[in-house]
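Colleague: The chain contents come next:
Number of protein chains: 2
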Amino acid sequence: MEHSPENIAPSSEGTGAKAPRSAGRPRSEGARRAVLDAAYAILVETGLGKFSIEAVALRSGVARTTIYRWWPSKGLLAIESFLEAFRPQLAYAETGDAAADFRAFVRSLAHALSGPAGRIAASVVAQAQSDPETRQMFLETVSKPLRHESSQLLARGIKGGELRADLDVPLVLDAAVGAVYLRLLLGQPLDASWSHALSDTVLRGCLAGRNLPFNPSKPLRHRTSSG
Amino acid sequence: MEHSPENIAPSSEGTGAKAPRSAGRPRSEGARRAVLDAAYAILVETGLGKFSIEAVALRSGVARTTIYRWWPSKGLLAIESFLEAFRPQLAYAETGDAAADFRAFVRSLAHALSGPAGRIAASVVAQAQSDPETRQMFLETVSKPLRHESSQLLARGIKGGELRADLDVPLVLDAAVGAVYLRLLLGQPLDASWSHALSDTVLRGCLAGRNLPFNPSKPLRHRTSSG
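Each protein sequence line maps, in turn, to chains A and B.
Note that the working numbering gives residue 181 to position 181 of the first sequence, counting from 1, and the numbers run on in steps of one.
Take the position in the second sequence, starting the count at 1, then add 227; the result is the number in the working numbering.
Certain hints may be false.
Straight-line Cα separation of at most 16 Å, EDC-like style, residue types lysine to aspartate or glutamate; simulated pairs [to be verified]: (1) B:Lys277 with A:Asp97; (2) A:Lys159 with A:Glu80; (3) B:Lys386 with B:Glu321; (4) A:Lys74 with A:Glu149; (5) B:Lys301 with B:Glu281; (6) A:Lys50 with B:Asp358.
Derived from the structure by calculation, the hints contain no laboratory data.
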């Protein structure tokens, strides 16, 4: 299970500035952790709209100037704290079964966005509608790297012959990820049975057997689930 | 063409309170048109966030009290003016070719949202993240009725045997509509070639021929386009 409870909230390690010292920059690492944890907690409570470095400084006990030295803008801090909690919840397993890996990825995305990370993501997307810098940051820092990983998952399925060789990978991700985000933004449940049905639909497509290319004679209609 | 230019902007008929008189409530109808047109113009310029009945009254020349009598909240006025411009751009054709009808619907949705209506829709979805009333209004007044029409389009394809009998219609719409909205919200182009590829992916699915149910022997991989 990639979305086990310990991955849903950020690590509580070093929530104060007095984290255990180790080699390197011990005090800085504790402060960094405190800032990210405080930022995440504030984002969950208020969303990106009311997020401020001042509030993070107050909550973490780390000086504003120190925070600004590490994160030149509040957007960068918000996105990093979001990603640290969000990214480990996503399943990019490599089991040799591309359809199962795709299902696990879609389920993990829906599950992650059904929790606190989803409230943050929704507030970032909302903010992005009136703030091009937030939109660009979300695209570059969240969307692009996560898409790269999920593209590789699909590419393995194509290479293994399980998925169509002429599959348009970005479009599969537009459909699956878009469905999850639209449902998030409309406040509808992102449960496992919905995400399973979404994966099934995207994997199998809509056409009946007799309309599938090179297969004019065998209807697929009596099948109710697929692997 | 369902998205011909005359459908993209709301009708300019009766943009002032002095619309041509006809039977019924002539002056009211002219004023109603003036209010809806003014509301639409303001929404395109500022989005829902800064939209106000005061601004609509000023621009339309119709008294605030009259506007409030017809539309008890600014949200209702905004949604009605959006729908009047948006709905006629959507293609729900019934040609007897369900795949072609689906493609035309997806293309019309992408095309409509790539214009002014898309800027309004994005601002409504953004506002809905901090305002449950706006979210509920969008769901009830926009999402639900439009989904009903697109569901019927897919149901015809199932009835005609062109689409899988066990197709999960709401999931197909989640995937197609979700992809269009996500791209809108991320500021990425919604051109016809993208919407065509999206329809193709959703119609055909991801599985290679040998993984399709009841069709273990015939690979589909050499097909590069579908009808």
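Colleague: Is Lys277 (chain B) within 16 Å of Asp97 (chain A), Cα to Cα?
Modeller: This hinted pair is violated, its Cα atoms lying about 50 Å apart.
Colleague: Check whether the Cα positions of Lys74 (chain A) and Glu149 (chain A) lie no farther apart than 16 Å.
Modeller: violated, 26 Å
Colleague: Does Glu321 (chain B) sit within 16 Å of Lys386 (chain B), going by the straight-line distance between their CA atoms?
Modeller: Given pair Lys386 (chain B), Glu321 (chain B) holds - Cα atoms ~13 Å apart, limit 16 Å.
Colleague: When you check the alpha-carbon spacing of Lys159 (chain A) and Glu80 (chain A), does it fall within 16 Å?
Modeller: violated, 33 Å
Colleague: Lys301 (chain B) and Glu281 (chain B): Cα distance at most 16 Å?
Modeller: holds, 10 Å
Colleague: Would the pair Lys50 (chain A) and Asp358 (chain B) pass a check requiring their Cα atoms to be no farther apart than 16 Å?
Modeller: Holds - the C-alpha atoms of Asp358 (chain B) and Lys50 (chain A) are around 15 Å apart, at most 16 Å.
Consistency with the previously given hints fails for numbers 1, 2, 4, ordered from lowest to highest.
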